[in-house]
Amino acid sequence: MSNVTDKPQPTAFARAWDSDIAYSFRKSPLAVVAATVSLLIILAAVFAPWIAPHDPFNPATLNLMDGFTPPMEPNQFTGNTYWLGTDNQGRDVFSTILYGARISLFVGFMAVLLAMVLGITLGLIAGYRGGWIDSLLMRVADVQLTFPSILLALLIFGVARGFIPPAYRDAMAIWVLIVAIGLSDWVQYARVVRGATMVEKNKEYVQAARVIGAHPAKILLRHILPNVMGPVLVIATIGLALAIIAEATLSFLGVGVPPTQPSLGTLIRIGQGFLFSGEWWILLFPSITLLALALSVNLLGDWLRDALNPRLR
Amino acid sequence: MAEPLLSVRDLVVEFPTRRGTLRALDKVSFDIAEGEVLGMVGESGAGKSLTGAAIIGLLEPPGRVAGGEIWLRGQRIDNLPREAMRRIRGRRIGMVFQDPLTSLNPLYTVAQQLIETIRTHMDVSDKEARARAVALLDRVGIPAAARRIDDYPHHFSGGMRQRVVIALALAAEPELVIADEPTTALDVSVQAQIIDVLKEICAERGASVMLITHDMGVIAETADRVAVLYAGRLAEIGPVRDVIQAAEHPYTVGLMGSIPTLTQAAERLTQIPGAMPRLNAIPQGCAFNPRCTRVMDRCRRDRPELIARSGARHVACWLYDSAKETANV
Amino acid sequence: MSDVLLTVSGLTRRFDVSKPLLNRVIEREQKQFLTATADVNFEIRRGETFALVGESGSGKSTIAKMIVGLLEPSAGEIRFDGKVMDFASGAAMRQLRRRFQMIFQDPFASLNPRWRVGDIIAEPIRTFGLLRGAAISNEVGRLLELVGLSRADIEKFPHEFSGGQRQRIAIARALSSKPEFIVCDEPTSALDVSVQAQILNLMRDLQDEFGLTYLLISHDLSVVRHMSNRIGVLYLGRLVEVAEAKRLFLEPQHPYTRMLLDAVPDLALSGRRRTPVTGEIPNPINPPSGCTFHPRCQHVMARCRSDIPVSTATATGEAACHLLVPEPIREPQNS
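Residue numbers (my numbering), protein chains in the order written: chain U, 1 to 313; chain W, 1 to 329; chain E, 1 to 335.
You may find that some hints are simply not true.
Stated by the list, open to error - Calculated pairs, DSSO-like style, for lysine-lysine (alpha carbon to alpha carbon, straight line, at most 30 Å):
| hint | chain 1 | residue 1 | chain 2 | residue 2 |
| --- | --- | --- | --- | --- |
| 1 | U | Lys203 | E | Lys31 |
| 2 | E | Lys156 | U | Lys218 |
| 3 | U | Lys203 | E | Lys19 |
| 4 | U | Lys201 | E | Lys19 |
| 5 | E | Lys178 | U | Lys201 |
| 6 | U | Lys27 | E | Lys156 |
| 7 | E | Lys178 | U | Lys203 |
| 8 | U | Lys203 | E | Lys156 |
| 9 | W | Lys127 | W | Lys199 |
Don't read these hints as lab results, they were simulated from the structure.
Input sequences plus hints: build the corresponding full structure.
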């Protein structure tokens with residue numbers, strides 16, 4: 001008795017296009033706009049060396065005479081025109097934004113990855129094992145939550161700088177930043193994964209694996225992990241926006257990446273010095289980029305949360 | 001013949017989805033007479049709970065009544081404004097759901113909920129409402145009702161809670177009680193008690209009952225007539241004894257054969273091959289035709305209407321059409 | 001090779017249901033335990049279907065979980081084919097584990113929604129290293145056909161199947177390690193009756209074909225009657241009666257068994273007058289003293305309130321009821 005029809009399987013793409021999540025995406029204009037903006041910025045950042053009209057880090061191509069050129073106006077000395085103007089050293093603002101977004105996104109993605117790996121691992125263990133391991137990990141998480149994460153990142157950053165010899169500080173700064181943001185962010189991943197794991201581990205498919213004596217690591221990674229990834233993706237998306245802002249904040253405060261590799265935050269810090277002398281574009285355009293990036297990634301996260309939550313549909 | 005208490009005519013319930021509109025109930029018609037217990041059986045997804053929800057106007061959006069009429073004692077109720085429907089619910093139609101916890105508010109005592117229901121629908125004093133509430137609880141078999149009435153729902157066991165729900169459903173002396181799987185969440189030994197209470201108290205008060213359940217045993221013990229739903233359509237409706245002991249629709253025949261019984265131990269149970277179609281894949285003609293052992297050409301083409309049979313029975317099957325087409329039997 | 005495949009003796013499981021330590025200290029409360037099963041003894045013979053029936057709180061699922069190693073017994077012993085099951089010893093258990101399997105109640109929860117059907121069914125094969133490479137997918141295809149599905153279903157995901165089809169997949173997974181013994185925990189209670197009939201018939205066919213031994217856990221007496229050779233009736237964690245299936249329904253010995261039979265709705269419409277069932281199952285944290293059934297029993301006697309009845313042989317099997325022991329003899333157990 002074969003009542004399952006043997007109709008041909010649609011291609012993977014057709015299946016994905018037809019899935020509920022893809023449908024919900026197509027039906028949400030906000031999500032489509034947010035995704036387009038995020039994708040444009042991310043692509044522009046990744047391909048910055050090919051897109052940017054100038055290399056802002058190559059002193060050979062810089063001309064100090066180009067400094068303070070307003071957007072879309074020819075420079076009074078050189079006659080060069082820049083879309084978004086230039087900064088005090090004559091660097092093309094458009095190019096610095098592309099390179100800056102590259103650094104910001106790199107830090108953001110890496111920090112989220114670190115927080116995710118750490119949070120998922122600890123959350124899975126705490127949720128599956130329970131008992132004292134669970135209590136210990138969750139108390140640590142509670143304590144960490146009482147600190148604002150930016151303060152914690154500042155603290156980790158400060159401590160790390162103390163250990164690193166001055167010669168390596170600039171080279172290591174970006175990695176220190178990633179670790180600082182990542183470590184201050186793992187708690188929410190761990191909590192969500194722990195909760196979801198406690199639900200999943202009691203489901204019968206996990207029991208079925210336990211009956212045949214499957215190794216706990218295998219149960220965690222192959223059975224439970226794929227089923228707890230939904231909420232993790234939501235947090236990770238919103239977390240990316242938060243990490244980018246955290247990086248910008250730290251860089252703005254001057255403890256982030258060195259000025260030789262300016263991120264969006266660094267650009268904003270540099271720009272704000274010129275705001276009152278009339279060179280508004282140096283501050284405005286990096287700020288708009290940061291805003292657009294953080295906002296669109298955040299909106300995308302909001303949409304994803306709603307789309308993955310069956311109760312809100 | 002007296003006018004029926006409830007009359008459902010060609011009821012259609014639809015769920016618009018992005019892949020087209022799903023028809024969850026397709027032209028369902030039946031009556032419930034004064035004081036009658038009508039059993040509504042069917043497998044999950046057949047539409048039995050939807051029928052109840054449509055009658056009391058509590059379909060979950062995006063589900064909607066897309067056709068047909070519902071009449072309660074000569075008054076059409078399917079197109080009433082929300083507020084008017086709210087007054088009918090509770091006052092004229094009482095409800096008992098599967099999970100007692102969803103019908104009781106955990107934040108209020110049983111007394112508060114009963115008295116509020118009584119006073120909303122009837123013009124009585126607070127004191128009198130309380131006296132009525134105690135009497136009602138006593139009637140549904142709650143020991144020491146006068147004392148326990150001030151307890152919260154979580155103080156009661158599952159069976160006792162379902163008794164409270166029955167009391168609540170009957171508080172405003174409704175004409176019709178819709179009981180949706182009232183015993184499914186309960187233990188076997190408690191199920192029988194609850195069914196007895198429901199049956200007795202409704203008979204006492206002359207309330208009709210629409211009993212929705214997947215359990216043929218409960219129907220056999222309780223209902224006067226039974227309606228069998230399949231894929232959102234009525235397959236067979238008739239007196240309970242006729243339908244259970246001499247089912248006519250091939251689906252009902254298969255369904256009855258597939259129930260294991262305590263008395264006879266068959267080596268194998270009769271089984272209906274396949275499964276009920278999903279709502280988006282209901283075949284043309286009779287919805288049961290791909291699983292039917294007595295399928296004819298006509299079944300694949302035309303949908304059978306309910307055909308009157310002996311007694312008060314109606315069957316939606318071409319086998320019983322008097323103008324039988326010469327088919328390849 | 002002995003006739004008995006599984007022996008359960010003195011099986012007891014207590015759950016700690018105390019409040020957290022801090023609350024206990026503040027509220028000056030003792031630790032609280034729930035005894036889910038107490039001193040349960042039974043044997044399952046090779047090739048038979050042994051059923052455990054009981055209502056909620058009877059401990060039937062707890063027993064099933066202890067037998068397959070999902071729960072550790074607080075006391076007592078389980079012997080499988082003469083060998084004591086010790087789930088702590090990995091290597092020795094590996095050999096035993098292959099020989100038993102479990103089928104679960106909810107086919108929507110028992111299949112990992114992210115796995116393809118082929119991987120789900122092959123999991124026991126891979127875990128026990130029974131086959132390799134292409135032989136695995138061949139075997140999975142054969143199993144799918146065996147349970148009435150098609151080879152092409154290997155590539156599909158569980159959500160593409162109905163409840164009954166999923167239960168078929170779960171059965172194929174259970175069969176994939178070629179077990180001798182399958183614990184079926186309410187295998188059809190989540191299914192509609194017409195689908196239930198398909199699954200019960202399939203389980204019977206497979207039993208005949210492979211000589212399987214079943215432990216069937218169910219609350220549904222008709223299903224149990226239909227499927228099993230012998231039946232054990234549980235009440236509040238204790239086995240109150242064990243009997244041949246045919247005779248249990250004709251000559252119930254324990255008052256609880258009688259009550260349970262009376263509570264089953266009568267589909268035959270024979271008009272049989274039923275004794276009204278009274279009372280509900282007590283809270284298992286504070287069970288009644290003596291025989292736990294005594295508050296609901298029509299034949300309650302003084303000693304039912306004080307002494308826990310010992311299982312004694314009856315005409316149909318054995319039962320634990322003071323009614324069956326004429327005089328109040330007080331002597332040590334295990335006589």
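- Query: What hint numbers does the structure not satisfy?
  - Reply: No hint contradicted; all consistent.
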